[in-house]
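Trainee: Chain by chain, the residues:
Number of protein chains: 4
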Amino acid sequence: MNNIAILGASGYTGAELVRLIATHPEMEIKALGADRKAGLEYGKVFPHLRHLDLPILQKIEEIDFSGIDLVFCGLPHATSQRVIKALPDHLKIVDLSADFRLRDPAEYKKWYGGDHAALELQKTAVYGLTEFYRDAIKPARLVAGTGCNAITGLLPILPLLKAKIIDPDQIIIDLATGVSGAGRGAKEAMLHSEVSEGFHAYAIASHRHLGEFDQEFSKAAGQAVTVSFTPHLLPQNRGILATIYVQGDAKTIYETLVAQYSDEPFVYVLPFGEAPATRHVRGSNYCHIGVVPDRQSGRAIIFSALDNLTKGSSGQAIQNANLMLGLEETTGLQLAPLFP
Amino acid sequence: MNNIAILGASGYTGAELVRLIATHPEMEIKALGADRKAGLEYGKVFPHLRHLDLPILQKIEEIDFSGIDLVFCGLPHATSQRVIKALPDHLKIVDLSADFRLRDPAEYKKWYGGDHAALELQKTAVYGLTEFYRDAIKPARLVAGTGCNAITGLLPILPLLKAKIIDPDQIIIDLATGVSGAGRGAKEAMLHSEVSEGFHAYAIASHRHLGEFDQEFSKAAGQAVTVSFTPHLLPQNRGILATIYVQGDAKTIYETLVAQYSDEPFVYVLPFGEAPATRHVRGSNYCHIGVVPDRQSGRAIIFSALDNLTKGSSGQAIQNANLMLGLEETTGLQLAPLFP
Amino acid sequence: MNNIAILGASGYTGAELVRLIATHPEMEIKALGADRKAGLEYGKVFPHLRHLDLPILQKIEEIDFSGIDLVFCGLPHATSQRVIKALPDHLKIVDLSADFRLRDPAEYKKWYGGDHAALELQKTAVYGLTEFYRDAIKPARLVAGTGCNAITGLLPILPLLKAKIIDPDQIIIDLATGVSGAGRGAKEAMLHSEVSEGFHAYAIASHRHLGEFDQEFSKAAGQAVTVSFTPHLLPQNRGILATIYVQGDAKTIYETLVAQYSDEPFVYVLPFGEAPATRHVRGSNYCHIGVVPDRQSGRAIIFSALDNLTKGSSGQAIQNANLMLGLEETTGLQLAPLFP
Amino acid sequence: MNNIAILGASGYTGAELVRLIATHPEMEIKALGADRKAGLEYGKVFPHLRHLDLPILQKIEEIDFSGIDLVFCGLPHATSQRVIKALPDHLKIVDLSADFRLRDPAEYKKWYGGDHAALELQKTAVYGLTEFYRDAIKPARLVAGTGCNAITGLLPILPLLKAKIIDPDQIIIDLATGVSGAGRGAKEAMLHSEVSEGFHAYAIASHRHLGEFDQEFSKAAGQAVTVSFTPHLLPQNRGILATIYVQGDAKTIYETLVAQYSDEPFVYVLPFGEAPATRHVRGSNYCHIGVVPDRQSGRAIIFSALDNLTKGSSGQAIQNANLMLGLEETTGLQLAPLFP
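Protein chains in written order, with the numbering used here: chain Y, 1 to 340; chain A, 1 to 340; chain B, 1 to 340; chain U, 1 to 340.
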C-alpha cells in the first residue's frame with residue numbers, strides 16, 4: 001500500500017483524485033491539505049464523498065509527511081512551486097498546476113508572468129504526457145501534469161508531426177471545454193446563470209496552454225511550430241472536445257494514429273470517419289480520437305475528446321503516479337464512463 | 001465467476017448494468033439481448049462502453065442460456081412477464097420492470113391494465129427492496145426490482161410507519177426526477193428542447209408507483225395507507241429527490257432512521273437538520289436521507305436522494321443479484337458518486 | 001413619456017427592467033445607478049443589451065433626479081431603505097428589495113435582522129401584489145415589490161383563504177426556483193458546476209419569504225396562518241413552480257380561482273386537472289395556475305408557475321409603475337414567453 | 001393590417017413566428033396549418049402561447065386563402081415545394097425550408113436528393129439573406145429563407161470575399177448550434193439524456209448548408225470557393241456560434257465589416273478584439289460579429305452569433321415579409337434578447 005497526500009484537496013481536481021483513489025487498491029489517502037477550508041471534514045466540502053473514511057483537511061504546514069510516499073499537488077500555479085520546493089526530499093510528487101510544465105524559464109515567464117521560484121526543480125521535472133514520456137516518468141521524482149486543453153490537442157497531433165505527414169504551419173485547434181476546468185473559485189463568469197444556454201470563445205489566440213503546444217509540437221516537428229488555438233466555454237461541467245484542422249492525407253493520418261495508439265490502454269482511435277463525443281468519456285480516463293477527411297483532398301479534421309478532470313488532470317496524475325510507484329499503469333483507472 | 005445475461009440491454013438500465021458489471025470482480029457478461037438493435041456491436045449503441053470486450057447484441061430467442069447463471073431483465077413491463085415465463089428453470093432472474101412488483105393481481109391490473117400473463121411467477125417473486133427483504137432475496141429465483149420513485153419514498157418512510165411514529169393519513173411525497181427515468185425511447189416530451197430550462201409535474205395523483213407505495217406502506221403500518229404523491233420532471237439526466245411532509249416528531253423520526261440504517265452499506269442518514277442533493281449521489285448506489293423539523297411542532301420534512309439508474313434500478317439489481325449468488329452484497333457497487 | 005431611473009442596474013433584476021422598458025412605449029430610461037460598475041457602458045455589463053442607446057452607469061449620489069418621474073430600486077435589502085430614504089420627494093418609487101414588504105417592524109427584524117432605518121416610509125409603503133392591492137398602488141408614492149417565491153404562493157392561495165374553502169392549518173408550499181433568483185453575485189454555491197445536473201432544498205422552514213406568507217395569509221384568513229414552505233434550487237436560470245398541497249374541495253377551489261382571475265390580464269387558470277410548466281412562462285409576465293384533485297377526496301394539489309425575474313420581480317414592478325403613472329396596466333408587458 | 005397564414009405551425013419555427021407576430025403591429029394571424037395536429041387548439045400544442053387568441057390548427061387543404069396576404073411556410077423540405085406550388089397566385093410566400101435556396105437544380109439534387117417538383121418557382125425565388133438581397137426581396141413573390149447555419153457564416157464572410165481581402169481557399173467555418181435547430185420531431189439523438197452534458201460534431205464535411213455556402217461564396221468571390229465546415233451540437237436550445245478561421249489582415253477585415261454593417265439594424269460588429277456569445281442574442285433578431293487577430297500575422301478569427309430560431313429562421317422570415325409587404329423592415333423585430 002502506498003501512502004498518499006493530496007495538497008489543494010478542496011478544489012475539483014482534489015475531489016477527483018479522492019474519488020478515483022477511493023477504489024484504487026494500492027493507494028491510501030493519509031493527508032488532505034487545504035487552506036481556507038482547513039479543519040473541516042472532507043464530506044462537508046464535498047458531500048458526494050461523505051461515505052469515505054478520510055482525514056480531516058489540514059493546513060499544508062501542519063501535515064506530517066514522514067510516512068507519505070507520494071504527494072499530489074492541486075494548488076494554483078505560483079503557489080505550487082513555493083510549496084513543492086519546501087517538501088521533504090523523500091517524497092515523489094505529481095503536480096497538477098502549470099508550474100513545472102514548461103522547460104524554458106523564459107517561456108514560463110512569458111505565459112505566466114513573474115520569475116519561477118524553483119528553477120532547479122523545474123529543470124528536473126518530467127512532462128506528464130504519459131503516452132510519450134513513460135520512460136522518463138517511471139524514475140522521476142517530480143512529474144508535471146499537462147494542461148487539460150493541452151493534452152487534448154497533443155495526443156492526436158504529436159504523432160503526425162513526428163511522422164511529418166501534416167503541414168506544421170497550418171494547424172488549427174478549435175476546442176470546447178466544460179466549466180469544471182475553471183475550478184471551484186467563485187467567479188461571476190462561471191455562475192450557472194452566466195454559463196448555461198450559451199457558448200462563447202475566450203482567451204482567443206492567447207491561452208496559456210499555448211506554451212505547452214509550442215514546446216511539444218516544436219520538439220516533435222524538429223522546427224518551430226505555431227498553432228492557432230481557440231478555446232470555447234461549453235454549458236456542461238466535464239469534457240473537452242478538440243476539433244483540429246490539418247493539411248495532410250486523412251487516411252495516412254488515421255493509420256499513423258492507429259499504429260501509435262493500438263496498444264495504449266486509454267487512447268482509442270475510432271473507426272475512420274467517426275467522431276467522438278465528450279459525453280462518452282465523462283468520468284473516465286479514456287481519450288477518444290476520430291479522423292474524418294475534409295471536402296478538399298489533402299485536408300483532414302481530427303477530433304479528440306476526454307474528461308478534463310480525469311484524463312485531463314486527476315486521472316492522468318494517478319496514471320503517472322502508478323508508474324512512479326512501480327504499479328501497473330492502469331491500476332484504479334478502468335472505471336467506465338458515466339452516461340447518460 | 002458468475003455468467004450473466006442482460007435482456008433489454010439497449011436501454012439506459014441495460015447500459016448502466018454493463019457499466020457497473022464492467023468493474024464487478026465476480027460477474028462476467030456472456031449475452032446481451034435486444035430487439036431492434038440485435039446484430040449491432042454494443043459500442044455502436046452505447047459508445048461510452050466501446051472500450052469493453054462484450055458480446056454482440058442478440059435477439060432474446062437466439063441466446064443460449066445453458067451456461068448462464070443469472071439474467072437481468074430490463075424489458076418494458078408486459079413484455080417482461082412473457083419473456084421471463086419462457087426462461088429456463090435453472091436461471092436466477094432479477095427483473096427491472098414493473099411486472100412482478102405487486103403481490104395482488106387486482107392491483108397489477110388496476111395500475112398497469114390487462115391481466116398478468118405469469119401469475120404463478122408473480123406469486124413467488126420477491127420485492128427487491130434489499131434493505132427490507134434481504135432474507136427473502138437470498139434464496140429467491142425471481143426478484144422484482146422496485147420502481148425508482150418508489151424506493152426513494154419507501155426507504156425513509158417504511159421504518160416510520162413500522163414504528164408508528166408518523167400519522168399514516170398525512171403523508172405527502174413530493175418528488176422530482178431526472179429525465180433518464182423515462183428511458184431511451186424517442187418521445188417529443190423528452191427532447192432536450194422540451195425538457196431543459198423548465199420544470200413541471202406529471203402523472204399527478206395517478207403515477208403507477210403508487211401501487212408500490214400502497215402495498216408496502218399498508219403492510220408496514222398494518223392498515224391501509226393512501227399517500228399523496230406528485231412527481232416532477234427535472235432538467236437533469238440522473239437523480240431523484242423526494243421531499244416528504246409528515247406529521248410526527250422530527251427528532252424521533254431522525255433517531256428511528258439512524259437506528260434503522262446505521263449498519264446499511266448504501267443508506268446514509270445525514271446529520272439532523274441537513275438535506276441531501278441529487279448531484280451528490282450521481283452514478284452511485286448510495287441513498288442520502290435527511291430530516292428537518294418544520295416550523296410547526298409535530299411536523300417534519302424528510303428528504304431522500306438517489307440515482308434513479310443506480311440505486312433506483314441497475315445498482316439495486318446488482319445488489320440483489322450479489323445476494324442471490326452468495327456474494328458479498330456490496331461487491332462492485334462501491335463506486336464513488338461523480339461530481340461535478 | 002415618463003422618465004425613469006433604475007438603481008441597482010447592474011444586477012439581473014436591473015437588466016430585466018432595461019430589457020422590458022426597451023420596448024415600453026411610455027417609459028424612457030434616463031439614469032442607471034450602480035456601485036462597483038459605475039462608469040461602465042451598460043453594454044459592457046450586459047452585452048445582450050448592447051444594441052440599446054442607454055446612459056452610462058453612475059454612482060447613485062451622482063444621479064440628477066430632477067427630471068425623473070419614477071425610480072425602480074433593485075438594490076440589496078438594508079441598502080435599499082437607506083437609499084430610498086434619501087431620494088427627493090417628487091419621485092415615485094418601486095422598490096424590488098425586501099425592505100418595505102412587511103408592515104410590522106418586529107416581523108422585519110425577525111426575518112431580516114437589525115432595525116429598519118426608514119420606519120416612516122415603511123408605514124406608507126404599499127405591498128406590490130398588483131392583483132390584490134391595485135387601488136392602493138395607483139396613488140402610492142412607494143410600492144414594495146413582492147418576493148418572487150412569495151407571489152408564486154400568494155396568487156393561488158389568497159383567494160382560497162378569503163373564501164374560507166381550505167383548511168388554513170394544512171397548507172404546504174413546496175417550491176422550486178431557477179438560479180437567477182440568487183442574483184449575479186459570485187458565490188461558490190451558484191457556479192454552473194455546483195448547480196447543473198442536481199436538485200436540492202435550501203432554507204428549509206426558514207426562508208425569509210415566510211414573512212410575506214404569514215402577513216398576507218393571516219390577513220386574508222382573518223386568523224394566524226402558518227404555512228410549511230420548502231424551496232428547492234433548480235438547474236435552470238428562470239422560473240418558479242409552486243406545488244401546493246391543501247385540504248379542500250378541488251372543484252370548489254378551481255371555480256374560486258377561475259372567478260378570481262377571469263378578468264386578470266396576467267394570471268391564467270388552466271383547465272381543471274392540468275398543471276403548468278415554468279418553461280411556458282419564461283421571459284413573460286404571465287402566471288399559470290392549475291388545480292388537480294388529489295387521490296383522497298377533500299384534498300387538492302395546486303400549481304403555480306411564473307418567471308422569477310418578470311412576474312416575480314421586474315415585470316411586476318413595471319406593472320405597478322404603469323398604475324402609479326396612470327398608464328394602462330399592461331403597457332409594455334405583453335411579450336410572449338420564449339420557448340424553447 | 002396584413003393577414004397572415006402559417007403552414008407547418010406545429011414546429012418550432014412555426015411557434016417562433018407566432019411568438020413574434022403576437023406583438024407585431026401590422027400582421028394578424030388568420031390561419032395556422034398543421035398535419036397530425038390539425039384540429040387542436042394552438043395552446044395545446046404550444047402552451048407558452050395559450051394567452052393568445054389564435055385560430056384552430058387546420059389541415060393545409062382546408063385553409064381558405066382568399067383573404068390572406070402572405071404565407072409563412074415552415075414545412076419540411078420536399079413537402080414545401082409541393083405545397084407552395086399549389087398555393088393561389090395572389091399570395092406572397094416566405095418559405096423557411098431548403099427547397100428554394102439553391103439556384104441550380106443540379107446543386108439541389110446533389111444536396112437534397114431527388115428532382116425538384118417546382119422548378120419554375122425555384123427560378124424566380126429570391127434568397128432571403130436580407131442584408132444582401134434587400135432590393136430583390138421587396139418585389140418578390142417567393143422568398144427562400146436561408147439555412148440557420150448558412151446565415152451565420154455568410155454574414156461575416158461575404159463582404160470579405162467581395163472585397164477580396166481573404167484567401168478564398170483557406171476558409172474554415174467551425175460552428176456550434178443549439179438543439180432546437182433539429183426541430184420538434186421525436187428522435188433518440190435529440191433526447192435530453194443524449195444531448196445534455198456533452199458536445200460532438202455531426203454531418204462533418206457533408207452538411208447540406210454547404211450548398212448555400214458554395215453558391216453564395218462563389219458568387220461573391222467570382223470564383224469557385226470550397227469552404228471547410230464542421231457543425232457541432234451544443235447542449236443548449238437556442239443559438240449558433242460560428243468560429244471562422246481566415247487568412248487576411250485582421251484590422252482590414254474588421255474595418256470592412258464595420259463599413260458593411262454600420263447602418264444595418266440587426267447586425268452588430270463588436271469592438272476589435274471582442275468575441276460574441278450566443279446567450280447575448282437569445283430570442284432576438286440580432287447577429288453579433290467579432291474579429292480577433294490570430295497569433296500569426298496575416299490570419300484572423302471571426303466570430304458570428306445569432307439565434308437559430310430568430311435571425312436564423314423566423315425573425316429573418318418576418319424581416320423579409322416586412323419588406324415584401326411594404327412595411328418598415330424592423331417592424332415587430334426589436335425585442336431585446338432574453339438573458340439570463
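It should be emphasised that the hints constitute simulated quantities derived from the structure, not laboratory data.
Fair warning: this is a prediction, and the values are worked out from it, not measured in the lab.
Hints should not be assumed to be uniformly reliable.
[Stated by the list, open to error] Heads up, simulated EDC-like pairs for lysine to aspartate or glutamate below, C-alpha to C-alpha not over 16 Å straight-line: (1) Y:37 <-> B:188; (2) B:187 <-> B:169; (3) U:44 <-> B:188.
[To be verified] DEER-style ranges, computed between Cβ atoms: (4) U:28 <-> B:264: 20 to 26 Å; (5) Y:135 <-> A:88: 49 to 55 Å; (6) Y:298 <-> A:35: 42 to 48 Å; (7) U:202 <-> Y:114: 40 to 46 Å; (8) Y:52 <-> B:255: 37 to 43 Å.
For each residue, glycine too, the CB sits at the ideal point set by N, CA and C.
Trainee: Does each hint fit the structure? Answer for all of them.
Mentor: Against the structure, the hints come out as follows:
{"no.": "1", "hint": "Y:37 <-> B:188", "result": "13 Å, holds"}
{"no.": "2", "hint": "B:187 <-> B:169", "result": "36 Å, violated"}
{"no.": "3", "hint": "U:44 <-> B:188", "result": "40 Å, violated"}
{"no.": "4", "hint": "U:28 <-> B:264: 20 to 26 Å", "result": "24 Å, holds"}
{"no.": "5", "hint": "Y:135 <-> A:88: 49 to 55 Å", "result": "53 Å, holds"}
{"no.": "6", "hint": "Y:298 <-> A:35: 42 to 48 Å", "result": "44 Å, holds"}
{"no.": "7", "hint": "U:202 <-> Y:114: 40 to 46 Å", "result": "44 Å, holds"}
{"no.": "8", "hint": "Y:52 <-> B:255: 37 to 43 Å", "result": "55 Å, violated"}
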